[in-house]
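**Student:** Chain by chain, the residues run as shown.
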Amino acid sequence: MKTVRVAVVGAGVIGFSTAVCIAEALPSCSVTLLADKFSPDTTSDGAAGILFAAKFPDIPLERQKRWFKDSFEHLLAIAQSQHSPEAGVMLSSGWQIFKEVPADKKPFWSEFFGQAFTTIKCECTSYLPWLEKRLSLSGGQVQQRRVTSLDELSSSYDIIVNCSGLGSKIGQVLKVVAPWLQHFIRDGDGKTYIYPGIHSVTVGGTRQEGDWRLQVDEGDTESILERCIRLEPSLREAKVLSKWVGLRPSRRNPRVEREVVQLQGRRVPVVHNYGHGGWGVTLAWGTALDALGLVRNCLREMPPQAKL
Amino acid sequence: MRVAVIGAGVIGLSTAQSIYEQYHSIISPLTIEVYADRFTPLTTSDGAAGFWQPYLYDKGNVQETKWNKETFDYLLSFLSSSESIKMGIFLQSGYNLCTEPAPDPSFKDAVLGFRQLTERELKMFPGFTYGWFNTALMVEGKSYLPWLMDWLQKRGVKFYHRKIESFKELAETGADVIINCTGIRSGELQPDPDLKPGRGQIVKVDAPWLKHWIITHNFTTGVYSSPYIIPGSRLVTVGGIFQLGNWSEQNNSVDHKTIWESACRLEPSLKHARIVEDWSGLRPVRSKVRLERETIQSGASTIEVIHNYGHGGFGLTIHRGCAQEAARLFGQIVLHEHSMKVW
Numbered sequence: 001m002k003t004v005r006v007a008v009v010g011a012g013v014i015g016f017s018t019a020v021c022i023a024e025a026l027p028s029c030s031v032t033l034l035a036d037k038f039s040p041d042t043t044s045d046g047a048a049g050i051l052f053a054a055k056f057p058d059i060p061l062e063r064q065k066r067w068f069k070d071s072f073e074h075l076l077a078i079a080q081s082q083h084s085p086e087a088g089v090m091l092s093s094g095w096q097i098f099k100e101v102p103a104d105k106k107p108f109w110s111e112f113f114g115q116a117f118t119t120i121k122c123e124c125t126s127y128l129p130w131l132e133k134r135l136s137l138s139g140g141q142v143q144q145r146r147v148t149s150l151d152e153l154s155s156s157y158d159i160i161v162n163c164s165g166l167g168s169k170i171g172q173v174l175k176v177v178a179p180w181l182q183h184f185i186r187d188g189d190g191k192t193y194i195y196p197g198i199h200s201v202t203v204g205g206t207r208q209e210g211d212w213r214l215q216v217d218e219g220d221t222e223s224i225l226e227r228c229i230r231l232e233p234s235l236r237e238a239k240v241l242s243k244w245v246g247l248r249p250s251r252r253n254p255r256v257e258r259e260v261v262q263l264q265g266r267r268v269p270v271v272h273n274y275g276h277g278g279w280g281v282t283l284a285w286g287t288a289l290d291a292l293g294l295v296r297n298c299l300r301e302m303p304p305q306a307k308l
Numbered sequence: 001m002r003v004a005v006i007g008a009g010v011i012g013l014s015t016a017q018s019i020y021e022q023y024h025s026i027i028s029p030l031t032i033e034v035y036a037d038r039f040t041p042l043t044t045s046d047g048a049a050g051f052w053q054p055y056l057y058d059k060g061n062v063q064e065t066k067w068n069k070e071t072f073d074y075l076l077s078f079l080s081s082s083e084s085i086k087m088g089i090f091l092q093s094g095y096n097l098c099t100e101p102a103p104d105p106s107f108k109d110a111v112l113g114f115r116q117l118t119e120r121e122l123k124m125f126p127g128f129t130y131g132w133f134n135t136a137l138m139v140e141g142k143s144y145l146p147w148l149m150d151w152l153q154k155r156g157v158k159f160y161h162r163k164i165e166s167f168k169e170l171a172e173t174g175a176d177v178i179i180n181c182t183g184i185r186s187g188e189l190q191p192d193p194d195l196k197p198g199r200g201q202i203v204k205v206d207a208p209w210l211k212h213w214i215i216t217h218n219f220t221t222g223v224y225s226s227p228y229i230i231p232g233s234r235l236v237t238v239g240g241i242f243q244l245g246n247w248s249e250q251n252n253s254v255d256h257k258t259i260w261e262s263a264c265r266l267e268p269s270l271k272h273a274r275i276v277e278d279w280s281g282l283r284p285v286r287s288k289v290r291l292e293r294e295t296i297q298s299g300a301s302t303i304e305v306i307h308n309y310g311h312g313g314f315g316l317t318i319h320r321g322c323a324q325e326a327a328r329l330f331g332q333i334v335l336h337e338h339s340m341k342v343w
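Chains as they are written, first to last, in full-length UniProt numbering: chain H, 1 to 308; chain S, 1 to 343.
FYI, nobody ran anything at the bench for these hints, they're computed from the structure.
Be aware that one or more of the hints could be misleading.
What the hints assert, rightly or not - Here are the simulated BS3-like pairs of lysine-lysine, each with C-alpha atoms no more than 27 Å apart in a straight line:
| # | chain 1 | residue 1 | chain 2 | residue 2 |
| --- | --- | --- | --- | --- |
| 1 | S | K204 | S | K271 |
| 2 | H | K239 | S | K86 |
| 3 | H | K191 | H | K243 |
| 4 | H | K239 | S | K142 |
| 5 | S | K257 | H | K133 |
| 6 | H | K65 | S | K123 |
| 7 | S | K142 | H | K175 |
| 8 | S | K142 | S | K123 |
| 9 | S | K86 | H | K243 |
Claimed, not checked - Calculated from the model, a selection of chain S residues having no Cβ within reach of chain H, i.e. all distances over 12 Å:
| # | residue |
| --- | --- |
| 10 | T99 |
| 11 | P103 |
| 12 | F133 |
| 13 | H161 |
| 14 | T173 |
| 15 | P231 |
| 16 | L244 |
| 17 | S269 |
| 18 | E292 |
Remember, it's a predicted structure, so these values are computed and weren't measured experimentally.
Glycine included, C-beta positions come from ideal geometry on N, C-alpha and C.
With the rest of the complex left out, here is chain S (with noise of 0.2 Å):
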């Protein structure tokens, strides 16, 4: 059996891994392939902070909720062993604030320590008046995904660097799955209305005495259009922009003082910070997940397809959970059409 993996951020590396964990044992043989036009570090997940955190409600999502709290175990998981490290995945805490009081998020099970802050902490943070302190997980695109990679590698998985124009091409050359991986490209292969670019600007400086992150909301606004600081293993992020619809990916000076000033505000001490670099990014951004099959028809013969594309500014945080949650999809497509085969 071929499955074509189309994308190789966070989503596509992680699905093909389920795959493999999966049914490798199962399906023989089962031949894995990622094909893509960026690769690591050159994708939306690179550019990424890095922080696993859900936005903080989600309107009945209840699946994504889960996914999430999955995607937190799975990592927690790693670090009882040294390779957690050059996974990118270690632990911060930090605290999320609030101009007024709001009902406690959705990943308020799925962190660990959640509480809410104290008079003393929310006196650190003039402007805000509630919020929560919790320890959650760092987990690094630019060290994760190298991770994924060589893992995929090393099982024989292999990759192409190369655009592909339609799903048509690949089934065209044998591929018996093809799992859509594409993020806020997935509109080039099938046209997606509810799949808009939540554009993002970060700035990254280098300021090694911030050990906690810093996340604040503005309810007016939404979600990360105000200021947050994320420090990292190395470098710090500090953004706090989203434009829906705008799909420019080059830096923009103004989105920077916005940034910057904000951020200074939230944070005195980052005036002494030395300014790294600055990024830009396009969040796939849709109302909910697309994680689904598709069965398409191409002629006279079909092609089957599993969607898993759209998520916005959580992919890292949610990716684990829907890699399995995929893999578990494939698995219906093996079982419909390979029954007699497989045992």
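Only chain H is shown next, with the shape it has when bound in the complex (with noise of 0.2 Å):
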């Protein structure tokens, strides 16, 4: 049988996190991973990376966990391996709080009320590379390219898996030295957050609505300070390292599905995973493995011969 050509364009987690499991799981397929942008240029590489758990208004409440738990299962098992630093995935531990006083208080956050967990982090930068040496133990394969429709792969790809973000919604996040920070903080309204990573500390954020600038705005990195040394006041004393703006991927819903698209004469099958906003990290692996269950489908409806 010959091998079954798939495309994934983007190299983001979303992009990466596809491709390997498409192409660990299935040899029948030769995997190439074609993008514009690679890590640390991408909006991947400007995520803190904590796991977090998000709700979606159309997607049904059991796929949503489901794609929570595979991620957070996943990773769980990397961060607890002799990889976890090459990978960058660790244990994070911390407190999410809210400024509504409830009627029972925590002692230590005299001002708040919160939660304790424990989750992940996955830091981009040496997670995508990580993934990529991956991809290759795997047979796949990476090209740099702009790819500005799909038209242009129809002639050489059998399938096409869209992992292609693009933001809209913009936000602006610092990374600061605080070695001595242990736990992230966040406050419940999604604003204001401190996540202590590898070798810095990513302090944000900001989400507005609407502001396509792609520059770092001081107004704004005074204000995640000045909200973040609230919160944790030995901020003061650290250091920032660099000041990062890019844009989130949002959408209503992510956008894991298949279609079958007419491009230049064929009839193309295409998966989507597209359109995780803010939970890129958090939702990569549980919707890649979707992404595959997606391709088995299309593999299954192709006609045995029908290659060019």
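Could you fit the two chains together into a complex? Lean on the hints.
**Tutor:** Okay, here's the thing in structure tokens:
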């Protein structure tokens, strides 16, 4: 049986996760990942990468829970293994806190009510190169190339997997040096957070509607620092390493589905896996597994000899 | 009044601090001096990981549990200021692991968020079937001691780099009260068969992806003899050696191997950690902390001594509670001798 050529478009956490899932599970496929931007220049690279549950309005709860669980279990296994530092995946404990005065206050956070838990942090600047290694171990290939339309790919590939995020909601974060911080702290409203990483602490953030400027805003920088210092006073002693602005590929719901597209006279199966907003790292592996299932469906429906 | 503190580890410095805090406005003049042959970063307190955690069970020493909690609350209060990191204080959470169910430890009410480990969490640590998670404090000696010395110096406390050979020596120079915070070497000033070295060795490594402490417990071999991994603000302390009666402060390669192999089994990612250095120290082990007054006859006169030593592997954990108690004992001496002059 002839090899099925699969193109995965996008080299962020979704693209690489999906490509690895397909390459490792389907030896009958040859996987090529194509993208214009690679780590450290993807949106994923700016993400703090803390796994945190999301809730999308139109996706059945069971499916969302499965996405989260699959991603969490996958990364937990890496965090517990010797690959942890190279992959940039580690356990992270901390607190999510709220300003509403509750009936039962926690004594330490005297003005806040909160939840404490342990989750995972996955740093894409390490994780993406680590996934790339895994992809080539399974025979996958990588190509640096700007894909402007799926038409370009139809003659060379049998199945196209679209993981090209493309952002719409801007966010700004700072990386500071504060190696004594061991816990994440997140304001329940999602606007202020402190996420300690391997070599730096990511503090943020801003989510401005409709602002497309891809430049660091000094006003936002000051606002971020001020809000974070209020949560964690020792941050006053932290040196700012860098500032980053990125566009989260926000969508009402992530699009994980397949369709058949007419491209250059051929009917080409396309599997979409994009629009994860601020939950790309959190849902990458789970949605990649979903996308793998959709690719399997495409394979089942392909006529046996219909390869050019 | 002249107070001479012997010892510049966390016990000596914090006792000097407590005495100053409580009496400098009551006694005038109050001269406090600290004598030691080792200062930071060469004290036992400097080598320790700086992790606040008492032994699991206090064996009836309820005073010690009280002093531990007092210390925790005291250190916690600094977190709301930016001073905290200069003092080497920060929060860190982690895991206490046992191979069998065990009663709740004495510190469960002192720490934050104390709870039992879930099945899923225990799965992360093969070989361990029971344990607890909580948020505790770190107080790193290499920052805390310089901060204390600076605090004391700003308030006129003088430091003398000198080995004191006897209490008499200090009494003869005019010290009114001597505070004995000489840790493991207290026996050189006054024999104490109950005081023994609990030798420890640690390996310091660079592994910044580790954000939780992991302490394992082996009820057969005893405290600190089972691997532990404690991330710090810069490096991770890996240990698990407790040799009672061993006075050697030299690093031992067999101990290094023991520590390293068992820690890597516990935390496989350590395989990739860069080893920075080894360190050995002597925990001043005693059946219980010696914190009491003693009036010593010296010829025709008497010497007032307050002993504050024997804090084993929990000096940083208990220091403030003991310092405050030592200051209280000092107050008794003051009241007794100077009751006319004070008021």
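**Student:** Checking against the hints above, which ones are violated?
**Tutor:** 5, 8, 12, 15, 17
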